[in-house]
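Asks: The lines below spell out each chain.
There are 2 protein chains.
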Amino acid sequence: MGKWVYGFGGGASEGTAKMKNLLGGKGANLAEMSNLGLPVPPGFTITTEVCTHYYANGENYPKELKAEVEAALAAIEKTVGAKFCDATNPLLVSVRSGARASMPGMMDTVLNLGLNDETVAGLAKLSGNPRFAYDSYRRFIAMYGDVVLGVEHHTFEDILGEAKDGKGVSLDTELDAEDLKKVVKAFRAKVQEVTGKPFPQDPKEQLWGAIGAVFQSWMNQRAIVYRRLHDIPASWGTAVNVQAMVFGNMGDDCATGVAFTRDPSTGDRRFYGEFLVNAQGEDVVAGIRTPQQLTIAGKQANLSTLPAMEEAMPEVFRQLDTVRGQLEKHYRDMQDIEFTVQRGKLFMLQTRSGKRTAKAALKIAVDMVSEGLIDRKEAVGRINPGSLDQLLHPTLDPKAKKTVLARGLPASPGAASGKVVFSADEAEARAAKGERVLLTRIETSPEDIHGMHAAEGILTTRGGMTSHAAVVARGMGRPCVSGAGELRVDYAKKQLLVRGTTVKEGDILTIDGGTGEVFVGEVPTIQPELSGDFATLMEWADGLRRLKIRTNADTPTDARTARQFGAEGIGLCRTEHMFFESDRIVAVREMIMATTTEGRRAALAKILPMQREDFSEIFRIMRGLPVTVRLLDPPLHEFLPHTEAEIEEVAKASGASAETLRQRAIELKETNPMLGHRGCRLGISYPEIYEMQARAIFEAVAAVSKESGETVLPEVMIPLIATKKELDILKTMIDRVAGQVAKESGTKVPYLTGTMIELPRAALRAQEIAESAEFFSFGTNDLTQTAFGLSRDDSGSFLKTYQDKGIFETDPFVSIDIEGVGELMEIAAERGRKSRPDIKLGICGEHGGDPASIRFCDKIGLDYVSCSPYRVPIARLAAAQAAIAESAKQAA
Amino acid sequence: MGKWVYGFGGGASEGTAKMKNLLGGKGANLAEMSNLGLPVPPGFTITTEVCTHYYANGENYPKELKAEVEAALAAIEKTVGAKFCDATNPLLVSVRSGARASMPGMMDTVLNLGLNDETVAGLAKLSGNPRFAYDSYRRFIAMYGDVVLGVEHHTFEDILGEAKDGKGVSLDTELDAEDLKKVVKAFRAKVQEVTGKPFPQDPKEQLWGAIGAVFQSWMNQRAIVYRRLHDIPASWGTAVNVQAMVFGNMGDDCATGVAFTRDPSTGDRRFYGEFLVNAQGEDVVAGIRTPQQLTIAGKQANLSTLPAMEEAMPEVFRQLDTVRGQLEKHYRDMQDIEFTVQRGKLFMLQTRSGKRTAKAALKIAVDMVSEGLIDRKEAVGRINPGSLDQLLHPTLDPKAKKTVLARGLPASPGAASGKVVFSADEAEARAAKGERVLLTRIETSPEDIHGMHAAEGILTTRGGMTSHAAVVARGMGRPCVSGAGELRVDYAKKQLLVRGTTVKEGDILTIDGGTGEVFVGEVPTIQPELSGDFATLMEWADGLRRLKIRTNADTPTDARTARQFGAEGIGLCRTEHMFFESDRIVAVREMIMATTTEGRRAALAKILPMQREDFSEIFRIMRGLPVTVRLLDPPLHEFLPHTEAEIEEVAKASGASAETLRQRAIELKETNPMLGHRGCRLGISYPEIYEMQARAIFEAVAAVSKESGETVLPEVMIPLIATKKELDILKTMIDRVAGQVAKESGTKVPYLTGTMIELPRAALRAQEIAESAEFFSFGTNDLTQTAFGLSRDDSGSFLKTYQDKGIFETDPFVSIDIEGVGELMEIAAERGRKSRPDIKLGICGEHGGDPASIRFCDKIGLDYVSCSPYRVPIARLAAAQAAIAESAKQAA
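So the sequence lines, in the order shown, correspond to chains A and B.
Residue 938 in our numbering sits at position 860 of the first sequence; the count goes up by one each step and never skips.
Residue 953 in our numbering sits at position 875 of the second sequence; the count goes up by one each step and never skips.
Where hints are given, some of them may not hold.
You can't tell identical chains apart in this list, so a pair holds if it fits in one copy or across any two.
DSBU-like, lysine-lysine: derived pairs with alpha carbons at most 35 Å apart [to be verified]:
1) K821 to K809
2) K918 to K883
3) K747 to K572
4) K809 to K878
5) K878 to K803
6) K511 to K803
7) K572 to K878
8) K878 to K747
9) K730 to K878
10) K479 to K821
11) K511 to K571
12) K912 to K423
13) K433 to K803
14) K259 to K156
15) K582 to K282
16) K883 to K912
Derived from the structure by calculation, the hints contain no laboratory data.
Put together the whole structure using the sequences plus the hints.
Replies: Spelled out as structure tokens, the structure:
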């Protein structure tokens, strides 16, 4: 037998802010404010345990509940000095849900409860405002009828509409007290008609009806879906808050308002909010009247002509401003508050942590540290790492007018406008002429890289968050919207169709890669500005984290960007992107099309000096930092020539006939290229390819070491290892080449050799693989693909269904599936350490930039995460938060 | 300090047959025969431990070795009555390797050791045959020169060739003693020239040289590769056998021969072998003279005109026949023996278990049980399960002449001849006219099924042992050669090219699916005959095994075949094959092309009655046995129409335009279909498909139960489950449909619902999946694909390289990769049982018919394996052997 009801108000409470699990968020904060001595209308909270009990016992309440509610109600009556059911001075209450986690709009609320034919008259007399009283009554009947009695909302709307039609007016406010009396009568008649019973006149009966309805609403369909999507257990239950009503609409000495204790968009330490005189909370939201600013400064900033509260109600404003200070000091965070002024008296109805922009979050966190409210650890913990994306890329001007054309996936953040082009070549050609273009493709492939570089942004109609377009765009820092399936691209006609609208090549579109929206025409954007607060907070974060942050960078540009963002090395330098550069693709194709080792060697000899120069440049930029170079990974056919002109070009270079080349291209085609002849399998079949790459790496090491006098430490990474033998064969070759280069150059050539762990088998066999591998880098993209048997490129067609049905809570290509893929990683880490306790462990999949995944990587003790350049700051922050969480766990 | 040398011969030995690990196979059996009192030339074995010591100690022998060898040599001298290095009565010895496992031809042998310029004269005198003596000497110099001194073999061949040219003859035997003396002289000069030293004349020096060479040969490249391929640890080492030479070529009272104690091709209990009078062992092998039969019966059977040994040497024959009986009784197995008769005296040189055909193996095993030599368990253990394949399919007549055209993979056993056709339609059309055809494709797809049915055999130029063609062919029992990459198919010209040869449609080819060979023209075949021995042995096997054997069968024909072969249920009934039947493919396509639920439902309604009839028929055949039905698995695009005519047909049936259909086909195309929108993902996206299938199953259950009065128990299997939620959503639907059908039909509809475990994630999450799944069936094909990240269809291009380089010891699609895929299975079985201790566990991947994999399935406690109909007998036998091995392990 527990305590089921907790009272609050009148300067004291039975609960506190810490009791959110028991009282829900709203109830706990009302109790806390009451404890602080703030003016909170008295009330009580029926705990979440009642909800749990209710569902565990065939929808029956604990037997003690009735008595506890009645006692709590009596306490309210005493504090307010009004009485429930009293015809002359009636107590009215609100009944609201309030779960542990915020579930906005998911559950039901009843206001003005306690009104009936008698008390409404008393309220009219007491307020001197019969219209107010009857308006409250009709609202109550409609709300209660809908929520508790199951009379559909529109039924009441229809009656109200008829009343207005009958009087020839269009606004509710044009109905007077007499009109509303008639509406009330009609409402009651309707309730009788639909339910077969009169509208309950007994306020106690009303109260129990409303309490029951709130508990019932915990299991309504909307709430169930919401919980499933937000991973909220049904067992948490909701609390019910019953609170004395206060009214901001009883006259000109009344008001209602909402405020933030600091500016939620800039973070400035100024009181920010709006209020309406003689109004109810819903009027502020409805936007029927123009709200007034709280402060004179706010009035000036908004060019408002209406008086600020600071002027109009200076006394109450001072009270409110004091409350603001008390709340910030107490909660040590910016608060989002609701208040009502009833006849010159201030009442606080809600306080909670306020939502804010990323910029504001940074400023508030940094300011609060200097104000001594929080420490650095707490400041770092307050920032949502993902929100930093807003700060690193151009964003759409929030004031600009926009027309949405379509929606896709927010594949790479930032906003961009440009002329639509449908091929990489066209993108490059127009960009060379100084035009800004938006590369628009059904999907992209490695041969579109030059066009993606040239474009301002990328738009695809197929592919998910980890499609080629998305991954490459994020790496380059180009905004990208992927999988905008409503768009139908017609390459032949050079146009795209969206539900009847045609967009032609050269027409301008704008994309917002942060939301996935596509807009008609050009939408102005705002350039990012990395403020001092950003730098300060990142410095604090760096001091707190254990994980190193590296970057995935294939080009000098990427490498430079990443260093600017604070990368501590390259965790993944893909060598295949280099193969697509226009100066070498012909030689690469010649190599692929060769059917003999000699043919391949001849072509590779042409590629070697170029590849060596690629590495040299990157080693120069990353000097002093580790660089992990992955040997060739994708299936060879990705490099194949497609057009007749390309085939001719390769034929000329290689001396083979075009027909032979076409035949070879057919031979190289694969049913499931992701599971085909790629990764280290290429190195096993054609050792000369990896040999050339190893030589290019080591020659670059030797050259850069000589020129700079510093040691360069490459980590040679072999992809797609499934067995130790593959690694052993290739490592022997790499060691041999390193020895040769050291001898030829007369320089020491230090290096590590390691593997990707991206196949389930490799994770399981990690112990023996680690006998040869000096490091593991988790390739979680492929590990996710193989663990789930799920192709990134093809999952788009059903991923949404899977998320809608709650099968995937998040896209497993975005955030590591901890239960499955995560277990494979843990197994690999544990087994790898068994044979090599100091093995270096990292992650280079797309997940390396995802905060939840970074938290997991920290937990299983990886040494570093590697992510695309633009996610480096996010990863630095997420790593710091992971370390904070981990140390808090250890302390607990 | 151990004992390093074990003597044998003279009627007693220091070793026994059980000491194979120490003495090697040859040494142990020589010792054993000696112990049995059989006439074995005396000798000694230097143990494998000496080899291990040699390599562990910088190639040095144990210090006691020299003394032990000399003592053993003295013992030989005493037994033989001849002396090493004695010019008048010289002892000659052979020096042979002999490892624990047979490694034929991998290591070196030296014969006639002990000859030098003096002893050769003594041998000439003693034998009265100078030619024999000098022939032996020149052979010795060449063999020793090659093996011990590193003078290349061809050097000696060249000198011998010159000698023959000089004399104008062409055969070695045409050289007389004088000629050979000159050859010997030239040989010795050559050795001096190449090595800078004279050929060693001291027999002791010769002996140590030969012993060293044998130990060295353990680490030669051939031996290393052989060990790697056969998984023989280098640490085992080889033994060295030194044995007194005996000569079958000293005159007409001498002979040499090889024999099997029973007929190795039929298993008949008759002495079977050949011998040559006045000859050496190598002459029998060389085939210069026609060998004579051992027995008169053999002489008659072979229509030989030469006298049998039984006639020519009746006394020695009787001795040999007695030895035969002794050996069989002692070894309780058919033996393969070598013997030499020197001047009327029999010597046994080798005995070992004899290789035999599958048919012979069965007969010998069954006969030996009735003879009381072995028990049933041992009989069952003696048969190689894989060899049964020879008995179940037509085979090529071994006597037929054959011209190999190309080689591919032995994808489905059996031999077949037919006219080459290049399309399934052509195959069907010609078969309908009574022609026998061989369907030849680059690769096959589900829409070729009708052509595969119509064909005698299937030949593809791409794809591995588990490509579509291979899997389907095995299921149908059609011979198949897959991945014959040398063949180049030209569909347009209706021909195939092989290195210049053109094969046109209608030309006849023959394939041997057991070897992967493709032959020109028609090669006669022999039909299988399942003898009484087969039935007897299978019955014994059934009594011993724990695992149930089910079959993978999609059609009534398959189901009937499998029952005849002893299947105890269907472990995998794929429903997609049914979709390709010509009477429903249009409706199936209509369903796929539909873009709305209604459109799909309309098409599905047409398919329902046909699918119900499919199931009814199979349930009737399998009455009383469980049938696992897998809901639709492959990606929808596999069913798409391809030709314009097909598209038109679907357009007509569905009312959609051809253009819309083409567009839809493009939408359905996937980059990696194996990892795409398939399996339960279809059931989640389009619940109406699985709903129709569930209804068809349950309606069939109801109908067949009613008509037969027996209960039918289907197991509804959901493919490609990665998460419990997928299963829960689909199980709820299945339960609902079952309830509806039960109500509608007024019949009980019992069933189980379970999943494939074919994704690594499913294996890891088995505990929670088993909360809902009543059975697991391991889909090891896909589990192998995902664990390795390896596509069955695409692995052909590098699988051979992987096997050659020792990365894969066996094709992981043929035999379960126990270390990786196997661990996933163990994890899943263990975790599944945690939440459902009695969960039914089976395997339905191709591995279900592989003996090594069956052994593993038995070990981890699966309830059944399921394999293609023609592998059911193999699986029954393998399961029995697994049970025997397991119980032996438990006993130990």
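Asks: A separate judgement is required for each hint: does it hold in the structure or not?
Replies: Hint check results:
1. K821 to K809: Within one copy, since 18 Å is at most 35 Å while 66 Å is not.
2. K918 to K883: between (39 Å within a copy, 29 Å between copies)
3. K747 to K572: both (28 Å within a copy, 22 Å between copies)
4. K809 to K878: Cα proximity of K809 and K878: across copies only (21 Å, versus 42 Å in one copy).
5. K878 to K803: between (40 Å within a copy, 15 Å between copies)
6. K511 to K803: Neither. Shortest intra-copy (52 Å) and inter-copy (53 Å) distances fail the 35 Å Cα cut-off.
7. K572 to K878: Within. Shortest intra-copy distance 29 Å satisfies the 35 Å Cα cut-off; inter-copy 46 Å does not.
8. K878 to K747: both (30 Å within a copy, 18 Å between copies)
9. K730 to K878: between (47 Å within a copy, 32 Å between copies)
10. K479 to K821: Neither way: K479 and K821 sit 66 Å apart in one copy and 59 Å across, limit 35 Å.
11. K511 to K571: Close inside one copy (23 Å), not across copies (49 Å); limit 35 Å.
12. K912 to K423: neither (69 Å within a copy, 63 Å between copies)
13. K433 to K803: between (54 Å within a copy, 33 Å between copies)
14. K259 to K156: Answer is within: at 31 Å inside a copy they meet the 35 Å cutoff, but 135 Å across does not.
15. K582 to K282: Neither, since 67 Å and 95 Å both go past 35 Å.
16. K883 to K912: Between copies only: 27 Å across chains, 41 Å inside a chain, cut-off 35 Å.
The structure fails to meet hints 6, 10, 12 and 15 from the earlier list, while all remaining hints are met.
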